[in-house]
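Chain by chain, the residues run as shown.
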Amino acid sequence: MTGIEFYVVVLLVYLGTDLLAAWGLNLEYGISGVANLAYIVVIAAGAYTYAILSLGPDSGNGGFQLYVVGWQLPFAVAVIAAAAVGALVGVIIGVTGLKRIRQDYQGMVMLVISLMAVTVVGADTGFLNGQAGLSLIPNPFSSLSPAVGDWAYVAMVALACVIGFFVMRRFTGGPMGRALRAMRDDEHAVAAMGFSVIRLRLMSQAVGGAFGGVSGALLAAFIGGWSPGAWAYVETLALLTAIIVGGMGNDMGVSLGTFVIAVLLLQAVQFLPQISSHTGLTEALGWIILGVLTITFLWVRPQGIFKERRPFYRSPGETERSAPGDSATGRVAAPRA
Amino acid sequence: MHLLIEAIGFGVASGAVLALGAVGFTLQFGISNVLNITYGSLMTLAAFLGAFLLGLGLNVWLVMALGGLLIGVASVALNRGLLSPLIRRGLQPFGLIIVTVSAGIVVQYMIVAVAGPSTVAYGNLSGATLHFLGWTLTTAQVVILVVALVLMVGLHILLTRTQLGRAMRATSSNRTLARSCGIATTRIGDIAWFLSGTFCGMAGIALAITVESFDFTLGSVVLIPIIAAAVLGGVGQPYGAMVGGLVVGIVSQVSAAYWSPSYENVVALAMLIVMLLVRPRGLFGANSSSRKLLA
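Same order as they appear, the protein sequences are chains S and X.
By the numbering used here, the letter at position 9 of the first sequence is numbered 9, and the numbering carries on one by one without gaps.
By the numbering used here, the letter at position 180 of the second sequence is numbered 180, and the numbering carries on one by one without gaps.
If we strip away everything but chain X, and leave its shape as in the complex, we get (with noise of 0.2 angstroms):
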């Protein structure tokens, strides 16, 4: 009993960096209705920043608020840039995912050419070893945790109390009706990869500060969980995918516990396929961007 509610903390604990990663990847696509797999990369360039950036000497939270900032700005211009232009040529969507496949390669290949192949660790930034409610976290997963509890409440009142919330969520639901009503569909796509890279940079160097070290190719072994994540709470809900988050984090941690670490992921693959193949649109019943899934 005591090692289940210890897994179920270390459970919550990753579950937040999931979610994190999980609500940036599904608001993008509830908004751009565009699959994202670049969105791996950019988590390993968010952590590969974050060790440049301390290795300036930051304080490691200012870093984590840095790094959001770069990568939401590296988002925008991903879709600016790139898919947007695509989308327009007449792309087609599997085409689509070859591109953000392959441009999440390049990314990741150009921080190999720079930062090279080796594994690069943070160091010991997670402070003294809290104990409470009989979970043993570290000061920094309390701190993640906290920081990714923030974020997701200030996600809801935004998406529900502002106007920006409300012409994104409208957006999302229909994206014709929504400009027909006057909003800028352009502008608010622009927010939502913004976000989204928000919180793929932040989440990126949240787990970059939980894991002992990392190269680069953490974002595409991260990408499985959180796509996981994403799915079983209905790709295109951020609700879904904070739920789902915390679900992945907990279900992954409780199996390792008992059966074996290295099964860790194999149990959010696992997840997937079995809601992909029996109820692809969510755990939670049907929105119109997840209803975009079924051809």
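If we strip away everything but chain S, and leave its shape as in the complex, we get (with noise of 0.2 angstroms):
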């Protein structure tokens, strides 16, 4: 396998999990509103789930790394543990977005448990192996040959995105859509209208939770390892700007940002010649663009490249440019007769 036939994979593999993750994250915060932004965890969560659920024992390979569990379970039940941990993670992280608080307390108080739970995860040794992380985490393919195996992998996170995607549009879209939308737009009037916010909001946390961390095991499955500095919080910002840059709340928009952001910016660079006076330049220069380009589209075009297609009810003939509302300013427009 060449070198470019590698790299063409590895971005591949990075595209399809980063694009689960931001498709989950898009209904967290596009659509359901919930700053979440400890979605980092639900992926670590699934992460380390996957490994801890098909690498065995810990006693194995002369016990180099400890770990909890030890399991060895075929790879696509490991998958679905992960997406159900992820799932659990979700909610709890979700429940403390429930307190009436306001939004950006929410996201503060979301950003230290991202902190957090890499300290956590890194102090204990016994847990996850602590700071050094789990490695040799077993790749469903290692069976066949490298070229083999790597193509097989990209067809398999291609067929999980393809399924995630039908999936998400129940969703995103649809009577389920609006009503998540509405919830964000306004929690009041979706009360009245007979919803439960507290069930829309953790259901809607609990599938996103679910998309990261099948996410998160595909990607661990892929490299072989897993540690806390997989994860930190600036990760979550990169999918955000992933969806601010492409346009939240739109499936298209989002799927655009993350190929553009998460995969061309940030990880493409990183296969860029480094420069030896200057170690992690190129790394450094990724995350000052992605923040400043966050900041540009907050200022110039909040609601990104595609602005968030509305549900508008017209009467034959009118335009969408005589819909009453503007989503740029998150207000409901009124259904007209």
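These are computed hints drawn from the structure, not numbers from a lab.
Note that CB positions come from ideal geometry on N, CA and C, so glycine has one too.
Hints are not guaranteed to be accurate.
[Unchecked claim] Only some residues are given here: those of chain S computed to face chain X with a beta carbon under 10 angstroms:
(1) LEU37
(2) VAL95
(3) GLN106
(4) VAL109
(5) ILE113
(6) THR119
(7) GLY130
(8) ALA132
(9) VAL148
(10) ALA230
(11) LEU240
(12) ILE288
(13) ILE295
(14) TRP299
(15) PHE306
Both chains are given apart, each in its own frame, so use the hints to dock them into the complex.
Below, the structure written as structure tokens:
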């Protein structure tokens, strides 16, 4: 397998896993309005779950790493378990979002949860091998030759994305999507329509968490290792930037944003030649550009490249331009007779 | 018992640094109503600026004062150049927190781009070890403790005894009413951001003096106990933040002594979460700025 081919494989796998994660976060933030700055924690939960359910007992390989559970389950079972754990962690994080406090305050709490989770996992070496993290996480295609195995992995991730896309459409579009968007724009109105705000919010946290869990599991199985360094809080911001730049609440926009931000900007730059006197310079530049992009978009075009499409009720002949309401201000358009 | 007393001593020393940081964080929030997550990165920036200034051969306490001033200016620039214009454009609170997080990341990685990702140390500045009241502290820690105390008393005098302090408190409790009374609230805002930055910078350098070494993540790690201290005392209340800083410092150090040092910050988070779920307005009842937090 040539270098360039491997490069493409890596970027494709990153794209697939980032897409799953970005859709999940978009459901929580873009659609349901929960300021989840701790999203990377569910991705990490999925990755660790997959690892401890597929590595086998920690006495293997000379017992050089310590972790709990240590089963050796089939790949599919481990991934499904990762989704379940992701959903559970998502709901636990979401409970703090139920408290009726200001959105920025809530975001700050989520941020602290994210910082904290890294600290706790890093501090406890007996739980998930602490700061060193887990390695030798099995790849399901390791029995195939590297060239075939890598492309098989890409195909599997692509399949997961296709399934994920159609599952996600059930939540972002249709009656469920309308209910969630309505909850984001006006909690009281949606409660008056007979929806349980708590149930809607926790459901979106669970679904978003499951997407994050699968994303993390697929990523960890591909890389073969997972450590606290892989899930710093800034990773959540990369996904958020993808959503903001692409257009929050718009599936197309989020997908495009993920490709441009999470893959081209953050992953691709890491393959640029390093300047030996400045290690980490290219990575740092990637993050600086990311931060500047987020701020620029929030300043100039807060609705993103692709505006969220609102389900208007229009009378025949009426154009979208004359429809009331403006998605940029977050107001709900009143139905017109 | 001896261990407990000693741990409390360490707690007071680290609590003094936390209190400095928390007071700056909370003072600015009370007046401008913006949760400034860039704060952590500005602390890191202060620590690195301090390393640079120390390299020029300046005295460490002069460096601390200079760092405070520089970060104060940076903090005003952050507000005037970025946050205020965005608020005028109608950006919602959650957008604003994404902006401050992003700005923090930009600052943090600019530090990496310039200074590199490796750890930095100020060298041994701790001086002779002092023993009193059963506490064992280094001279540097004692000086920081005294500096923090002087700054707190200074802030207290500023807030209660001067025209400016009254104007600041008025702006914090009701901005619109304060403006109607002829207080230049924008200027008060600038002063609050400057003071906040000064506290932030001094706390950053004080922290860098007390730790063995640090890297570009310094600020994002210490942000947890600082936010915990600020929330504990009620966000927006400087006196609450002073007490909060001490409480978080002492509790963290005592739990580190009896349990495990690596869980120091975990206790801070546990306190933060409990406070938030049980009593989001802080220990000392509600003032108007902590009431603003409830949606």
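Going down the list of hints, with the structure as the test:
1. A least Cβ separation of about 7 angstroms between LEU37 (chain S) and chain X falls short of the 10 angstroms threshold, and the interface hint therefore holds.
2. Satisfaction of the interface hint for VAL95 (chain S) is found here, the shortest Cβ-Cβ separation to chain X being roughly 9 angstroms, below the 10 angstroms cut-off.
3. Below 10 angstroms, beta-carbon pairs count as interface contacts, and GLN106 (chain S) has one with chain X at about 8 angstroms; its hint therefore holds.
4. Interface restraint check for VAL109 (chain S): the shortest CB-CB distance to chain X comes to about 6 angstroms, inside 10 angstroms, so the restraint holds.
5. Checking ILE113 (chain S) against chain X by beta carbon gives a least distance of about 8 angstroms; that is within 10 angstroms, so the hint holds.
6. With its C-beta approaching chain X no nearer than about 5 angstroms, THR119 (chain S) sits inside the 10 angstroms limit, and its interface hint holds.
7. Hint status for GLY130 (chain S) relative to chain X: holds, with the closest Cβ pair at about 9 angstroms, below 10 angstroms.
8. The criterion of a C-beta within 10 angstroms of any C-beta in chain X is not met by ALA132 (chain S), whose closest approach is roughly 14 angstroms, and the hint is violated.
9. Hint status for VAL148 (chain S) relative to chain X: violated, with the closest Cβ pair at about 37 angstroms, above 10 angstroms.
10. Given hint, ALA230 (chain S) at the interface with chain X, is violated; its Cβ is 15 angstroms from that chain's nearest Cβ, farther than 10 angstroms.
11. The beta carbon of LEU240 (chain S) comes within 6 angstroms of a beta carbon in chain X, closer than 10 angstroms, and the hint placing it at the interface holds.
12. For ILE288 (chain S), the suggested interface contact is upheld, since its CB lies about 5 angstroms from the closest CB of chain X, less than 10 angstroms.
13. Interface hint at ILE295 (chain S): satisfied, since its Cβ lies 5 angstroms from the closest Cβ of chain X, which is below the 10 angstroms cut-off.
14. The restraint placing TRP299 (chain S) at the interface with chain X holds, with a minimum CB-CB distance near 6 angstroms, inside the 10 angstroms limit.
15. Nearest Cβ of chain X to the Cβ of PHE306 (chain S): about 18 angstroms, over the 10 angstroms cut. The hint is violated.
Checked against the numbered hints listed earlier, the structure breaks hints 8, 9, 10, 15; every other hint is satisfied.
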